[in-house]
Amino acid sequence: SAVISQKPSRDICQRGTSLTIQCQVDSQVTMMFWYRQQPGQSLTLIATANQGSEATYESGFVIDKFPISRPNLTFSTLTVSNMSPEDSSIYLCSVLEGGGYTFGSGTRLTVV
Amino acid sequence: GENVEQHPSTLSVQEGDSAVIKCTYSDSASNYFPWYKQELGKRPQLIIDIRSNVGEKKDQRIAVTLNKTAKHFSLHITETQPEDSAVYFCAPPNKLVFGAGTILRVKS
Numbered sequence: 005s006a007v008i009s010q011k012p013s014r015d016i017c018q019r020g021t022s023l024t025i026q027c028q029v030d031s032q033v034t035m036m037f038w039y040r041q042q043p044g045q046s047l048t049l050i051a052t053a054n055q056g057s058e059a060t061y062e063s064g065f066v067i068d069k070f071p072i073s074r075p076n077l078t079f080s081t082l083t084v085s086n087m088s089p090e091d092s093s094i095y096l097c098s099v100l101e102g103g104g105y106t107f108g109s110g111t112r113l114t115v116v
Numbered sequence: 068g069e070n071v072e073q074h075p076s077t078l079s080v081q082e083g084d085s086a087v088i089k090c091t092y093s094d095s096a097s098n099y100f101p102w103y104k105q106e107l108g109k110r111p112q113l114i115i116d117i118r119s120n121v122g123e124k125k126d127q128r129i130a131v132t133l134n135k136t137a138k139h140f141s142l143h144i145t146e147t148q149p150e151d152s153a154v155y156f157c158a159p160p161n162k163l164v165f166g167a168g169t170i171l172r173v174k175s
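These protein sequence lines map, in sequence, to chains A and B. For the record, in the first sequence the residue sitting at position 80 is 84 according to this note's numbering, with numbers rising by one throughout. For the record, in the second sequence the residue sitting at position 1 is 68 according to this note's numbering, with numbers rising by one throughout.
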């Protein structure tokens, strides 16, 4: 299965700043997915990142707040912009393999 | 969109007992039914899945059963062990959403 390297693993950020999360996959994939997992909650899809086109955002998530880059078939970034304490969460990138997801190790973000 | 219900939200069992978690979905065209396990502080991992052409699949102590008529699929864990303690998520087929999760606690 694919190996996904995600960084940073955790960060503590000041409100109003931005953080960029990176995911590197060891194989080429058409789509990459970005999820958010708030404390004690399930996973919520933020957006789907396709190489060569704009990301597709789910309801409640907008590009200005969560800009995504997908420069090639093995890499993607998610930026959490103008952060507030409500953005404190775990952010996970993932890819689909044979129907099931493989996840990166996650980024634990705390906004103070 | 897809409606998914996962039950129960929490489940406590004695070590050695069985645990069953159920997921109900709404899309009758679905054909792939996975379950994920997330240990504390770790990423979710696919533990078992089933496709719509079979009714049951087993992998050692875990199994998944599918009832397409009733539109639900279930995770069965037998002879539970403390290391089975985790949060389990179903993912409705063909959709990029996850169930609400079930916290399983295995008491030794």
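Just so you know, the hints here were simulated from the structure itself, not pulled from any lab data. Treat the hints with care, since some could be wrong.
Straight-line alpha carbon distances no greater than 27 Å define the calculated DSSO-like cross-link-like pairs of lysine-lysine that follow [claimed, not checked]:
1) A:Lys11 with B:Lys109
2) A:Lys69 with B:Lys109
3) A:Lys11 with B:Lys174
4) B:Lys138 with B:Lys125
Every value quoted in this text rests on a predicted model; they were computed, and no experiment measured them.
Hint check:
no. : hint                   : result
1   : A:Lys11 with B:Lys109  : holds (14 Å)
2   : A:Lys69 with B:Lys109  : holds (26 Å)
3   : A:Lys11 with B:Lys174  : violated (35 Å)
4   : B:Lys138 with B:Lys125 : holds (19 Å)
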